[in-house]
Amino acid sequence: MNVAGDWQARFDAVGYIADPELATALFLLEHLKRPLLLEGDAGVGKTEVAKALAQALDCRLIRLQCYEGLDVNAAVYEWNYQRQLLAIKILEARELGASASEQQIFSEAYLLKRPLLEAITQTDPPVLLIDEIDRADEEFEAYLLEVLSDYQITIPELGTQHATRIPRVVLTSNGTRELSDALRRRCLYHYMDYPSFDKELRIVHKRLPDIGAELARQVVAFVQQLRQQELRKAPGVAETLDWAAALAGLGVERLDADPALLGETLMCLLKTKEDRDAVPPESVARLAAAAV
Amino acid sequence: MSAAAPGAVATTLVGFARFARGNGFRIGLAETRDGLRAAALIPPTDRTCLKRMLRSLYCSGRDDWQRFDAVFDAYWRPPNRRASPRGAGGGRRPPERDAEQALAPRGQPADAERAGGSAGTFAGAALGGASAREELGRGDFRLLADPAELQQTLQLAERLARRMRRHLARRQRVQRRGRQLHLRRTIRGSLRHGGTPLTLAFRKRRTRLPRLLLLLDVSRSMSLYSYVFLRFARGIVGAFADADAFVYHTRLIHVTAALRQRDVEQTKQKLAVLSAGWAGGTRIGACLQAFNHHYGRRVNARTVVVIVSDGLDTGPAPLLATEMAALKRRARRVVWLNPLLGRCGYRPVQAGMQAALPYVDLFAPAHDLDSLLALERELVRL
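The listed protein sequences derive, respectively, from chains A and B.
The letter at position 151 of the first sequence is residue 150 when you use numbering that gives the first Met the number 0, and the numbering goes up by one with no holes.
The letter at position 164 of the second sequence is residue 163 when you use numbering that gives the first Met the number 0, and the numbering goes up by one with no holes.
Keep in mind that a hint or two might mislead.
Unchecked claim - Here are the simulated lysine-lysine pairs, DSSO-like style, with alpha carbons at most 27 angstroms apart:
no. : chain 1 : residue 1 : chain 2 : residue 2
1   : A       : Lys112    : A       : Lys50
2   : A       : Lys112    : A       : Lys232
3   : B       : Lys50     : A       : Lys198
4   : A       : Lys232    : A       : Lys272
5   : A       : Lys50     : A       : Lys205
6   : B       : Lys267    : A       : Lys32
7   : A       : Lys232    : A       : Lys50
8   : A       : Lys232    : A       : Lys205
9   : A       : Lys270    : B       : Lys327
10  : A       : Lys32     : A       : Lys88
11  : A       : Lys198    : A       : Lys270
12  : A       : Lys272    : B       : Lys327
13  : A       : Lys270    : A       : Lys205
14  : A       : Lys50     : A       : Lys198
15  : B       : Lys327    : A       : Lys232
What the hints assert, rightly or not - Where chain A lies over chain B, by a calculated footprint (3+ residues, C-beta under 8 angstroms):
no. : stretch
16  : 32-38
17  : 48-55
18  : 59-65
19  : 233-246
20  : 296-305
Claimed, not checked - The following residues of chain B were derived to be distant from chain A, with all beta-carbon distances above 10 angstroms:
no. : residue
21  : Pro43
22  : Leu311
23  : Arg331
In short, the hints are calculated from the structure, not lab data.
It should be emphasised that the depicted structure is a prediction, and the values quoted were computed from it without experimental measurement.
Built from N, CA and C at the ideal position, the CB exists for glycine as well.
Work out the full structure: start from the sequences and follow the hints.
Structure below.
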């Protein structure tokens with residue numbers, strides 16, 4: 000079996016439809032131990048890749064959600080101050096020397112591992128998902144680059160921690176800011192677009208096995224057309240699934256059956272007032288008619 | 000290099016890495032090596048798989064991703080195999096040091112008065128048509144006739160942008176004075192006193208630099224200024240890691256990557272490729288619409304959007320107003336630099352300018368280096 004087919008099958012088994020390009024990238028991720036950078040619009044299923052990868056390899060998923068102002072204490076490690084203070088008081092009573100007590104309170108028992116440190120100290124290599132790296136500051140990006148090239152983290156009080164096994168790293172970016180060249184070069188790259196009609200239909204069937212074939216086809220056709228419109232936030236795959244589940248739950252079999260109900264369920268797809276206004280009932284009816 | 004791939008295959012792969020590098024892909028030795036390792040994992044005849052592998056290894060952005068197919072095919076299609084890579088090596092780095100010194104004499108930040116006054120003084124010089132004896136800082140860009148002088152001004156514009164970053168960073172360090180307790184340090188320090196926090200450590204609040212986003216008008220009416228602003232933009236994106244630059248005329252083009260080229264010549268080449276349709280008409284409204292639609296997410300609450308344009312729009316004014324409003328909603332500040340504002344007797348009465356002005360936080364002249372320098376303090380005010 001070829002490289003792409005093998006990984007496609009593995010992902011298929013955990014309910015994720017991967018195209019051959021992505022499967023190849025995952026193969027390389029596993030064999031070259033390089034991080035994988037996934038870029039694409041919000042809602043194309045980037046985060047799901049990491050989750051599916053962890054499932055397919057049957058290992059832990061450790062997630063680091065990035066945000067502006069993310070610092071080392073939230074991403075790497077922190078000392079457990081309260082326990083340390085408590086320990087100091089107890090040690091005082093036992094009249095231990097300063098250096099002995101210092102050694103004790105800066106031991107691993109008082110260390111709170113945050114995702115990065117957690118990931119490199121696992122005995123079974125986990126999947127480390129660094130989500131929305133473009134939201135973190137440049138300083139953090141530079142630090143991350145260092146961790147991703149050496150897989151080691153230095154804690155001044157404890158010394159350098161080397162990775163026991165190199166974790167599988169998946170980074171995602173929404174493109175809210177340009178990432179540094181160095182980080183891009185360090186990573187494998189995969190650009191994710193909204194799925195094609197066929198792929199999205201397969202995803203719907205995979206995730207919602209009970210849905211009627213006709214409804215699934217119409218839902219996907221509707222959403223695919225809706226994405227062509229000028230919207231502030233185009234509906235992602237998760238929105239398609241939500242909507243399909245909602246319609247199936249309401250017992251809808253055809254999109255053109257009940258226009259009023261259709262309009263009410265659109266909140267699954269259009270999540271800003273602007274977008275709701277941009278798609279008036281007439282357009283909904285037109286899109287539904289075209290999808291049927 | 001690697002025992003992974005047999006000789007002939009290895010040579011071909013290394014050749015491809017060089018070819019791709021010549022075509023603007025960012026590939027280092029580590030990537031080439033991993034390319035060889037990856038190729039050894041699959042049967043040598045599986046071209047499709049090889050292509051997919053190299054694509055995910057060698058690409059580092061969406062643009063790369065989209066043109067990789069063409070580059071790969073061009074290399075592996077037999078007649079082109081031996082074609083030498085475009086622009087490989089040979090690029091001379093600009094003499095940074097010398098240029099740094101060239102900037103030194105005009106190191107003092109211009110005060111607002113001087114910048115403002117220059118507009119008036121310059122009107123006279125414009126009649127004379129000679130700017131050679133004027134201080135470069137006050138020379139209206141459109142009147143730079145001497146190639147050497149133009150060259151120097153271009154360099155200064157870029158250097159100026161880089162200096163801005165240094166100034167801003169320095170001010171930040173002086174400004175920050177928070178009163179939040181730094182628990183980690185405090186406890187570390189308290190060990191000395193047996194756990195009683197006698198000396199407190201404080202966390203300083205860090206104010207962040209603004210994120211700059213430049214939108215440059217390169218239409219015909221702006222052609223006398225656009226080169227200077229491109230160099231200025233090059234300095235900005237070089238100095239601020241998260242800055243972005245776009246140019247527009249009748250359509251919008253993202254030029255950050257082109258401007259980030261280390262070599263000025265490479266930048267020029269890249270821009271030349273992108274530049275079809277430059278110095279034509281302007282449709283500011285439509286371009287802003289495209290910007291809001293495709294790149295709107297890049298504008299956040301600490302983004303200062305700088306639009307450089309003379310406001311001579313050939314599109315409908317209401318569209319411009321709508322898009323300016325949308326931009327204003329997302330951005331921290333919107334700055335509009337208009338080179339015409341430096342001219343005597345100019346009034347922003349054109350329909351486009353009138354439509355845009357309600358949404359502009361700062362409307363400033365930008366016709367000479369002093370006026371660019373005066374921007375520095377405006378930018379730090381988020």
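* Coverage of the stretch 233-246 of chain B by chain A, judged on three or more residues with CB within 8 angstroms -> holds (count 3)
* Would you mind confirming whether the straight-line C-alpha gap from Lys198 of chain A to Lys270 of chain A stays at or under 27 angstroms? => Holds: Lys198 of chain A and Lys270 of chain A sit about 24 angstroms apart, inside 27 angstroms.
* To do: Grab the minimum beta-carbon distance between Pro43 of chain B and chain A and tell me whether it stays above 10 angstroms.
  => Non-interface label on Pro43 of chain B holds, nearest chain A Cβ at 13 angstroms vs cutoff 10 angstroms.
* Asked: Is Lys232 of chain A close enough to Lys272 of chain A, meaning Cα to Cα at most 27 angstroms?
  -> 11 angstroms, holds
* Closest CB-CB distance from Arg331 of chain B to chain A, is it above 10 angstroms? -> 13 angstroms, holds
* Given the proposed pairing of Lys112 of chain A with Lys50 of chain A, does the C-alpha separation stay at or below 27 angstroms? -> 21 angstroms, holds
* To do: Below or equal to 27 angstroms on CA atoms is what counts here, so check Lys50 of chain A against Lys205 of chain A.
  => 16 angstroms, holds
* Is the Cα-Cα distance between Lys32 of chain A and Lys88 of chain A 27 angstroms or less? -> The given pair, whose Cα atoms are some 46 angstroms apart, is violated under the 27 angstroms limit.
* Below or equal to 27 angstroms on CA atoms is what counts here, so check Lys272 of chain A against Lys327 of chain B. => 18 angstroms, holds
* **Lys270 of chain A paired with Lys327 of chain B [C-alpha distance capped at 27 angstroms]** => 21 angstroms, holds
* Taking C-beta pairs only, is Leu311 of chain B more than 10 angstroms away from all of chain A? -> 26 angstroms, holds
* Asked: Are there three or more residues in the stretch 48-55 of chain B whose C-beta lies within less than 8 angstroms of some C-beta in chain A?
  -> As far as the stretch 48-55 of chain B goes, the hint holds, because 5 residues have Cβ atoms under 8 angstroms from chain A.
This entry does not satisfy hints 2, 6, 10, going by the numbered hints stated previously.
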